[in-house]
Each structure stands twice: as structure tokens, then as C-alpha cells.
Amino acid sequence: MMKVKGKHVILSMVCLVLGFILAISYHLTQIENQQTKQDMTDSQYKKTLSLRNELIAQEETNRKLQKELSQRQNEVQKKEKELAKEAENFTSLAKDTEKYRMYLGKVKVKGKGVKITLADGAYDPQEDNVNNYLVHEHHVFNVVNELYISGAAAVAINGQRLTSSSYIVCNGPVITVDGVPHPAPFVISAIGDPDVLSSAINLSGGVKDQLVNDNIVFTLEKENEIVLNPVLGS
Amino acid sequence: MWLPVVGLIAGIVLGLLTEIRIPDEYSNYLSIAVLAAFDTLFGGIRAYLQNIYDEKVFVSGFFFNIILAASLAFLGVHLGVDLYLAAVFAFGVRLFQNIAVIRRILLTKWSTNKEKLEKS
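For the protein sequence lines, the chains are B and U, in the order given.
Take 1 as the starting number for the first sequence in the working numbering and just add one per residue.
Take 1001 as the starting number for the second sequence in the working numbering and just add one per residue.
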């Protein structure tokens, strides 16, 4: 009887271990299933797969389009740069044109400047020669040259613009500028920096002193706004 | 006679109640161990019915088979060969054979009992 009982005890121990292992295994599998959620049916899986494939395809096309977009953007940028460069060139050209037109006297010019008046000296009975107190064309020359040298953008005599091909001729009692006679007093207006121009004219031993030596009445005014009309008929 | 059944139920209840967590990578070994335990159990029942039951063989076989199967699976994982399939195959075949033998023995016993009853 004892032997049989011992046998049964050992068998029940074995059964206990078996049940234990079984239960743990069952439990573990249950947990695993919950974690991985592999209770997906076939149709669901197929649907997921097709959706995933679609998504991947979409992403690929997106990437391709993105690449194309950046490429196009680069092209656009390049073109914009070119255009900007061209525009720059054009504006500089336009500025140059404006400047050259100004020098040629083809446009109306407005700006700060100086106004110089040369008038004949008063009659002096002690002087025999009338020429000694008249304004001659070389006086006008001197003044105009001095103005140009010191940076005048445009010069006019009695309102008549001087151009690069202007000529000043002494013609008896008058001075002819480009064929137009001008009597004294001569008003020479110049556009440029007034300070620079006036100091250039007033240089001691310069143009002004020479003119004063020749008994010419010389006046210099700084003007805030001088308007020079273009050359007529050009 | 009821003691082994009581032990089995107690083991199942104990296993369900204790929240023992085994890492995922060891769950394979556990399944193999379960298979080995089943195989040994049915082998023991068959041997008992054939009257060649030896307690030492049964108990040592039970634990040794569990450990062997687990270590085989372990080796397989580390060698990169699915060796646990060999264990599954071997134990599965033996399980079916054992159950078949048990069924036949029980059938013959049942039929002889019936004949005896008819004779008496």
C-alpha cells in the first residue's frame, strides 16, 4: 500500500510540473498574442499590404516631384540672376546715356550750381584802349574751362547750353556762341558742386584774379537750383 | 488514483496564478519542454498499460527529456539551425505512436472484458 502511495505521489509531482509548464506556456502565448496583435485576418492583412504599397508608391512619386521641383527652382533662380544682371546692365547703360545726354546738352538739366556774371568794366578815361576793360572771348573761355575742369556737369552762357562741339568766337562787340551772338554782360551758369566750383574759380592767382586784373566786373553766386535748357535744334 | 489528477489541476492553477514572465526568446524552449513532458507522460502511461512501467525510468525520462529538448532548442538558436524542429518532429511522432498503442491496448482490454462478461 505504501509503495503504491509513493508511486502515486511521484506521479502527481510529475503531473504538477507538467501542469505548471503547460499553464505558463499558455499564459505566455496569450501575452505574446496580445502584444503583437497578430489576430489580423487575411483580408485585413491584404488590405494593409495594398495600402502600404500605395503609400510607398505615393512617397516615391512625392520624392521624384520634390526633386523635380528643386531642380526647376534652381533653374528659375539662375534665370532670375541672369535677369537681374541684365537689368543692372540696362540701368547702368541708362544712367550712362543720361549722363552723356547731359554732357551733349540734349536734355534739360536741373541742380545746384554757380552763376558767374562777367560785365564790362566802367569807362576809365585814363585808359586809352577800350579793349582793356571789355570782356573778351578768352575770358569766357578761361571761366568755362575752369568750370569744366573742376567738375561742372553742364555749362551755359546767357542761357545757351555749351556742348562738346560748341565754339566761342569774338565777333566785334559781341561774342558768338555756336553762331548765336551774345552781348555783355555774360552770365555763365554751371551745374555742379557749388563749393567746389566757387573755390576753383576763387583760387588766388586763378581765373578770378586774372579777370579782375583785366578790369572786368566779376560776380559769383551760389545757386540752389539752376535749370539749363537743352540745346535748341539738336 | 485521484492524486495525479489533483496534482495536474494544482499545477495548472499555480502556473496561471503566478505571474512568471519569461523573455520572448525563451518561449520556444518552453514549448519544446511542454512537448517533451507530454511525450514522457504518454510514454509512461503506455508502459504502465504494457506492464513494463519503471518508476525511475519514467521520472528520470520526464525531467531529462525536458532539459534535453530545451538545450537542443538553445543549441539550435545559437548555431542558426532550427534544431527545435527536430525535437518537435521526434516528440510529435512518438506522441502519436504512444497514443496509438494506448488506444489499441485499451481497445483489446475493453473487448476482452466484454467477452469475459458475456462468458460469465
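Derived from the structure by calculation, the hints contain no laboratory data.
On a predicted model such as this, the values are computed, not experimentally measured, just so you know.
All C-beta atoms in this analysis are idealised placements derived from N, C-alpha and C, irrespective of residue type, glycine included.
Don't take each hint at face value.
[What the hints assert, rightly or not] Among chain U residues calculated to face chain B with C-beta under 7 Å, some are: (1) Ile1022; (2) Pro1023; (3) Ser1027; (4) Asn1028; (5) Ala1037.
Hint by hint, here is what the structure shows:
no.: 1; hint: Ile1022; result: holds (6 Å)
no.: 2; hint: Pro1023; result: violated (10 Å)
no.: 3; hint: Ser1027; result: holds (5 Å)
no.: 4; hint: Asn1028; result: violated (10 Å)
no.: 5; hint: Ala1037; result: holds (5 Å)
Violated hints, listed in ascending order, are 2 and 4; each of the other numbered hints is respected by the structure.
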